[in-house]
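Undergrad: Protein chains in written order, with my numbering: chain A, 1 to 264; chain B, 1 to 339.
Keep in mind that the hints were calculated from the coordinates and are not lab data.
Even for Gly, the Cβ is constructed at its ideal location relative to N, Cα and C.
Hints may contain errors.
Computed list of lysine to any residue pairs in SDA-like fashion (alpha-carbon distance at most 20 Å, straight line) [stated by the list, open to error]:
id : chain 1 : residue 1 : chain 2 : residue 2
1  : A       : K236      : B       : Y235
2  : A       : K120      : B       : Y235
3  : A       : K205      : A       : E248
4  : A       : K246      : B       : A89
5  : A       : K236      : B       : E122
6  : A       : K120      : B       : A94
Each pair of labels, with its calculated beta carbon distance range [to be verified]:
id : chain 1 : residue 1 : chain 2 : residue 2 : range
7  : A       : S186      : B       : Q338      : 45 to 53 Å
8  : B       : L146      : A       : P79       : 30 to 38 Å
9  : B       : R270      : A       : N201      : 27 to 35 Å
10 : B       : A282      : A       : N138      : 31 to 39 Å
11 : B       : K245      : A       : V226      : 22 to 30 Å
12 : A       : K205      : B       : L223      : 38 to 46 Å
13 : A       : L260      : B       : D234      : 21 to 29 Å
14 : B       : Q338      : A       : S228      : 42 to 50 Å
15 : A       : G187      : B       : A278      : 49 to 57 Å
16 : B       : R270      : A       : S82       : 48 to 56 Å
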Amino acid sequence: MTGIDKALLRQLLSITGAWEITDYQLDARKQRCDVWVGPQVERGWFGRPKKAPPARLQQHTWQHVALGPIRFFVHLSAPSGSELARLPWTGDNGMPFTHALAQQVFVMFNEGMSLPTICKMMGLTLNDVWRYRFAIDNGLVKSQSGSVAAAATAATAAAATTQPAARPAPTARPAVAPLAELDDDSGVPDVADPVWMQLVNGEMKLDIRVLSLKLMLTRVRSQLEVISDDEVRLLKLRDLHRYFVKNERVLGHELAQLKLGAVA
Amino acid sequence: MNGRTLSSLRPATGALMSVEEAGVLLRGGGAYTVAGEEALLRRLPRGRWIGGTIPYFMGQDGGRTTREQVFVTALPAVAGEAELRWYDADTLPAVCTDAPANGFSLLIIPAFSSLHSQFAREAPQYEDMYLKPLLGWIAGIHLDDLGRHAPQVVNGQTGEFDGARAIVMHVPLPDEQYARLDIVNLFEPGDGDRIRFTEAGFHAHECLVNGKLVNFADYLSTLKIDTRLPLVADYSGAMINVSVKGVDAADRRVDFYAPVFDDTEYRVARPVPDFQHALAAALPADARSTAWSCNCILNYLYSELEGQRTGPITGPMTFGEVAYQLLNQTMVVMSIEQA
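The whole structure should be built from the sequences, with the hints applied where relevant.
TA: Written out as structure tokens, the structure reads:
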């Protein structure tokens, strides 16, 4: 097995605070490194751990940001009730990714990238990306914004030099429509137009003839009822905007009403 | 007799025919969906078709249960080659992203499979859901065979059958055409109580009736509600049904054919007198241009459609309909429009 200095590994994965790497296993053939992390143990003479009362530990596993071609998986044993303070190398309970990796995936969602494309670029499984997407769509987890975003950015910056060039750097900027959606000739109001929120919150009523729009609008309204995170709410509005762009030619009746609202 | 002549004599949404006639069609080129008993589907030649088991149909001569014929629908001429693909629990969430940029995707899922349940619960959340037309049905079996046989779907290109995975045909269309997917649902919310469920799922114990927590099985029993009437929710103007499968009095539990959701308000449907004529009247004015359709076995059974016609539209009577998401007691219709 290839040896790695644990202190270096701790630095690369941005593991901070009272946590230490207890073990790791690098499988060069599978390009996978599993890292076991636990609470830092107080040590006595000659580095021997002092005896501590046995604590009940909860086990978590998350996929972390890759370093070059190597995918990292963090296995954390944390005492029950530990405050992980949304550390970038930890993740939400039951979620597949650390906050740092989730931040990267969320940025890709915001860029309008498809799940298969994200999987391909990031070396993630469709099932895991789908689980994360499902959780944010249902308000079960928040986007990695604010301080966590900054921390995650710092964490991923360390890895950036060894990552594939095609991978976009994570940022905490608000959602911006991809260039394809900013066509001046489009009959669809700009994604930043307040008309989208008016439509979703019911201030604007449309006579809807198209089945897919009825279902889409119901889904977005339902999602926004449980999503409090501003970035995720923006993502949902972008989804609705993308739906209109994609289906512009079947939505003439609805777009005519929408544009009246946008002008007003 | 060639396939073109056969298809020109029959409704655009398909027709019942013998295995031999179907063989002629399937060998003649084009893309098709086929419904019928498993033994019949196994006798069909390889070709660009997908199929699923079911013996109930709205045929060209009216509603019919048959183990002797198969129902074949010729899909519209396509811009490129239709792609047939299997989906399992891991890959089904990507079914819409795999769909052509312009076209439609036809999906058949075997009833009672875990994939059936997964699709019912999660489809509204799939990526690109509602952006591209996704339609189809849930394969079933003759009700006499319940517990003895399992529904199957088939990839006509390989002859492979499966009772756990879904088969999908992704059909691209030329730029000047697009698919319009719609539903015909005669049920509307009645004037009764507002019902919300405390948990999403295929069964319910408790629910909130006008905001008051009650046991739903007790509620249905006390009010002597006709459980052939679905629960109906208003999705921004689209009426979406959830049909009652049964009431377990001992467990005080109600089972459904599709999941109820905890963020949706339901009402018991208003009864529909003379379903057959009401359905014919509710069909779109351009019903004859419908290219593909299916309807629900519960409509077939509850409304006694055997031997009855429902306008010009034909199709299999299935264990569940798909118009983007899983539906109950609803007719699905797709037409091809000129841009």
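Undergrad: It remains to establish, for every hint, whether it holds in the given structure.
TA: Here is what the structure says about each hint:
1. A:K236 - B:Y235: holds, 18 Å
2. A:K120 - B:Y235: violated, 35 Å
3. A:K205 - A:E248: Roughly 18 Å separates the two Cα atoms, so the pair holds.
4. A:K246 - B:A89: violated, 27 Å
5. A:K236 - B:E122: Holds: A:K236 and B:E122 sit about 17 Å apart, inside 20 Å.
6. A:K120 - B:A94: Roughly 13 Å between the alpha carbons, so the hint for A:K120 and B:A94 holds.
7. A:S186 - B:Q338: 45 to 53 Å: violated, 21 Å
8. B:L146 - A:P79: 30 to 38 Å: About 52 Å separates the Cβ atoms of B:L146 and A:P79, which means 30 to 38 Å is violated.
9. B:R270 - A:N201: 27 to 35 Å: holds, 30 Å
10. B:A282 - A:N138: 31 to 39 Å: holds, 34 Å
11. B:K245 - A:V226: 22 to 30 Å: Given a distance of about 28 Å, which is inside 22 to 30 Å, the answer is holds.
12. A:K205 - B:L223: 38 to 46 Å: violated, 33 Å
13. A:L260 - B:D234: 21 to 29 Å: Since the Cβ atoms of A:L260 and B:D234 sit about 24 Å apart, the hinted range of 21 to 29 Å holds.
14. B:Q338 - A:S228: 42 to 50 Å: holds, 44 Å
15. A:G187 - B:A278: 49 to 57 Å: Distance hint for A:G187, B:A278 is violated at roughly 37 Å.
16. B:R270 - A:S82: 48 to 56 Å: Holds, since B:R270 and A:S82 (Cβ atoms, about 55 Å apart) stay within the stated range.
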